[in-house]
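Enquirer: So the sequence lines, in the order shown, correspond to chains A and B.
In this text, residue positions in the first sequence follow my numbering: the first is 6, and each later residue adds one.
In this text, residue positions in the second sequence follow my numbering: the first is 21, and each later residue adds one.
Just so you know, not all the hints are guaranteed correct.
[To be verified] Quick list of simulated restraints, FRET-style, between CB atoms: (1) B:F62 / A:E454: 26 to 32 Å; (2) B:W73 / A:A396: 49 to 55 Å; (3) A:R187 / B:D61: 34 to 40 Å.
[What the hints assert, rightly or not] Short derived list, chain B residues pointing at chain A, Cβ under 7 Å: (4) T23; (5) T26; (6) F27; (7) I28; (8) L31; (9) C32; (10) Q58; (11) L68; (12) A69; (13) N82; (14) T86; (15) R87; (16) I93; (17) L94; (18) G95.
Hints were generated in silico from the structure; no laboratory data involved.
Every residue, glycine too, gets a C-beta built ideally from N, C-alpha and C.
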Amino acid sequence: MLFPTLAFVLFFVVVLALNAAVFDRGAWRKAVLLTASYAFYAAWDVRFLALMAGVSATAYLGGLMVVRPQWRRLALVGSITVLLLILGFFKYFNFFALSLQQLLEAGGLGRDFTWMSVILPVGISFYIFQAISYVVDMDRGHVEQRRNPIDIFLYISFFPQLVAGPIVRASHFLPQIDAPKRPDANARAEAVVLILVGLFKKMVVANYLSVLIVDPFYALPDGQNLFTATAAVLAYGIQIYCDFSGYSDIAIGVALLLGYRFTRNFNQPYRADSLRAFWQRWHISLSTWIRDYLYIPLGGNHGSKARQMLVLMTTMTLAGLWHGAGWNFLIWGALHGAGLALERRWALRLGALNMVVVLVFVMLLWVPFRAPSFAETLLVFEAFTRVESYAPLTLTPFALVLIGIGLAMNWLPLSWRDGSVRTLSKAPVILQAGLLALGTWLCFAVAQEGVAPFIYFQF
Amino acid sequence: MRTQFTFILTLCFALVLVWLTSGQRLLDWVFLMPDVGQVDDFVIAWVLAAEDWKQSLELEDNFGQTREWLHGILGINE
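Let's have the full structure, built from the sequences with the hints guiding it.
Expert: Have a look at this one:
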């Protein structure tokens with residue numbers, strides 16, 4: 006079930022009503038949300054409910070045992086190993102099966118492994134990351150132990166953030182499970198603004214940029230030139246931002262209406278004046294997860310400058326590979342790591358131009374991220390060297406306006422959004438709900454027929 | 021608590037209004053849901069009755085018209 010669908014709207018209104026009805030009854034409230042979350046996931050593929058329950062059970066048992074001194078090490082290493090093996094199996098099995106098949110074919114031992122292809126369960130990375138963070142945080146003493154398994158099962162499966170984040174920390178979410186805050190006028194207004202902005206970003210800006218510029222460009226990169234390549238690279242940078250931050254906005258808004266507050270996941274990332282600042286503004290919940298559970302355990306800021314740079318490179322390369330087993334993701338991660346490492350040694354001191362340099366670097370690195378192969382990545386970069394081409398894209402005024410809107414969303418002062426939240430919070434509740442309904446209706450009307458999945462669902 | 025229910029009721033009312041004034045058929049969505057046996061039959065019977073009632077009202081497809089108008093002024097070709 007995708008957020009920008011009528012099916013989700015119907016589902017959510019029912020859950021919202023049930024949640025409100027049992028809001029003051031803790032056990033019932035948890036049961037309603039847990040059932041709703043499992044129904045939400047079952048709408049994709051009912052077979053993977055057992056997997057999600059298994060991951061939750063692993064985290065729960067790991068959390069129970071990790072606080073016992075005699076079991077601590079075994080529980081920590083054991084549960085993290087199990088969780089990483091599950092993640093690794095689903096994410097990389099197809100890659101290794103295909104590689105083995107190619108290797109055997111090269112050696113004259115042709116074998117067909119395609120029948121063994123494994124489906125990647127939607128959102129598996131996100132809920133496994135949450136499970137790992139729960140066990141590790143229990144070990145570090147950052148979270149209070151939970152004896153009620155429903156708390157952990159709900160933490161792992163809570164539907165607003167289940168399939169593409171934000172990755173919520175147990176220390177932030179578990180206390181809210183016991184005492185969620187009934188949404189007041191401010192929270193409702195904030196939720197309405199977030200949901201509408203998120204729907205607009207996804208259904209209008211991201212989806213149309215994809216259809217009008219990005220997809221046709223990447224379907225025929227060798228027919229493009231400098232102008233169309235520039236537009237397409239910029240368009241993809243905006244598409245992925247609007248797609249992913251739009252999903253996060255909706256998730257945060259939906260959770261807020263249910264009485265739960267998530268932390269912000271994007272903070273105008275293309276305004277960053279350094280790569281470090283970019284990663285502090287882009288997919289913040291994943292960046293901080295990588296920092297706390299990968300970068301710091303690998304050594305973090307300790308040791309010599311060279312060692313720190315190596316740790317940064319390793320962390321970002323692994324983050325790249327998390328997106329998928331392939332050269333392009335490896336290159337994307339490694340180059341971001343290299344950029345961060347170089348920046349640590351030689352900080353950019355170009356004043357206002359810093360932002361431009363970072364923006365160009367980030368946008369160009371989206372090319373290997375989006376291109377289906379390394380060969381196509383090279384074709385895109387070749388297009389930058391041509392002024393004439395045989396099949397350039399037609400850039401419609403609407404598409405160019407969307408690029409402008411997407412960029413504006415990164416530069417408009419956040420106080421504008423806060424101001425609209427303040428104004429809406431003073432409006433009667435009927436007007437708040439009416440605006441949410443009308444805005445959603447308009448987004449559906451402007452959007453294309455059909456539903457485009459969110460980019461980050463594949464990770 | 022009362023304001024929360026007012027909020028939810030307004031959303032429900034808006035949903036019904038949208039369904040009434042649009043060409044969207046709930047029946048199409050119901051058939052997309054997982055088959056849950058007798059519950060399915062019950063839901064489908066209710067939705068069929070509701071769709072029949074909507075048909076009898078002979079309301080216009082405002083959603084489709086707005087969509088066409090918006091796509092026209094934005095120059096979007098489906």
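Enquirer: Decide, hint by hint, whether the structure agrees.
Expert: Hints, verified against the model:
1. Checked against the given bound of 26 to 32 Å, the beta carbons of F62 of chain B and E454 of chain A, roughly 31 Å apart, stay inside it.
2. Checked against the given bound of 49 to 55 Å, the beta carbons of W73 of chain B and A396 of chain A, roughly 52 Å apart, stay inside it.
3. A hinted range of 34 to 40 Å holds for the C-beta pair R187 of chain A and D61 of chain B, which are about 37 Å apart.
4. A distance limit of 7 Å between C-beta atoms decides the matter here; for T23 of chain B the minimum to chain A is near 5 Å, and the interface restraint holds.
5. For T26 of chain B, the interface hint holds, the least distance from its beta-carbon to any beta-carbon of chain A being 5 Å, beneath 7 Å.
6. A hinted interface residue such as F27 of chain B counts as satisfied when its beta carbon comes closer than 7 Å to some beta carbon of chain A; here the least separation is about 5 Å, so the hint holds.
7. Because the closest C-beta pair between I28 of chain B and chain A is about 5 Å apart, less than 7 Å, the hint holds.
8. About 5 Å separates the beta-carbon of L31 of chain B from the nearest beta-carbon of chain A, less than 7 Å, and the hint is met.
9. Using the Cβ-Cβ criterion of 7 Å, the hint placing C32 of chain B at the interface with chain A is satisfied: the shortest such distance is roughly 6 Å.
10. A least Cβ separation of about 17 Å between Q58 of chain B and chain A goes past the 7 Å threshold, and the interface hint is therefore violated.
11. The closest approach between the C-beta of L68 of chain B and any C-beta of chain A is roughly 17 Å, which is over the 7 Å cut-off, so the hint fails.
12. Contact between A69 of chain B and chain A, as hinted, is not supported at the beta carbon level, the nearest pair being about 17 Å apart and thus beyond 7 Å.
13. Checking N82 of chain B against chain A: minimum C-beta separation of about 9 Å lies over 7 Å; hint violated.
14. Annotation: T86 of chain B was flagged as interfacial toward chain A, and the flag holds, the nearest CB pair being 5 Å apart, inside 7 Å.
15. Hint status for R87 of chain B relative to chain A: holds, with the closest Cβ pair at about 4 Å, below 7 Å.
16. The beta carbon of I93 of chain B comes no nearer than 10 Å to any beta carbon in chain A, farther than 7 Å, and the hint placing it at the interface is violated.
17. Evaluation of the L94 of chain B hint against chain A yields a held restraint, the C-beta minimum of about 5 Å falling below 7 Å.
18. Hint status for G95 of chain B: holds, given a least beta-carbon distance of 5 Å to chain A, under 7 Å.
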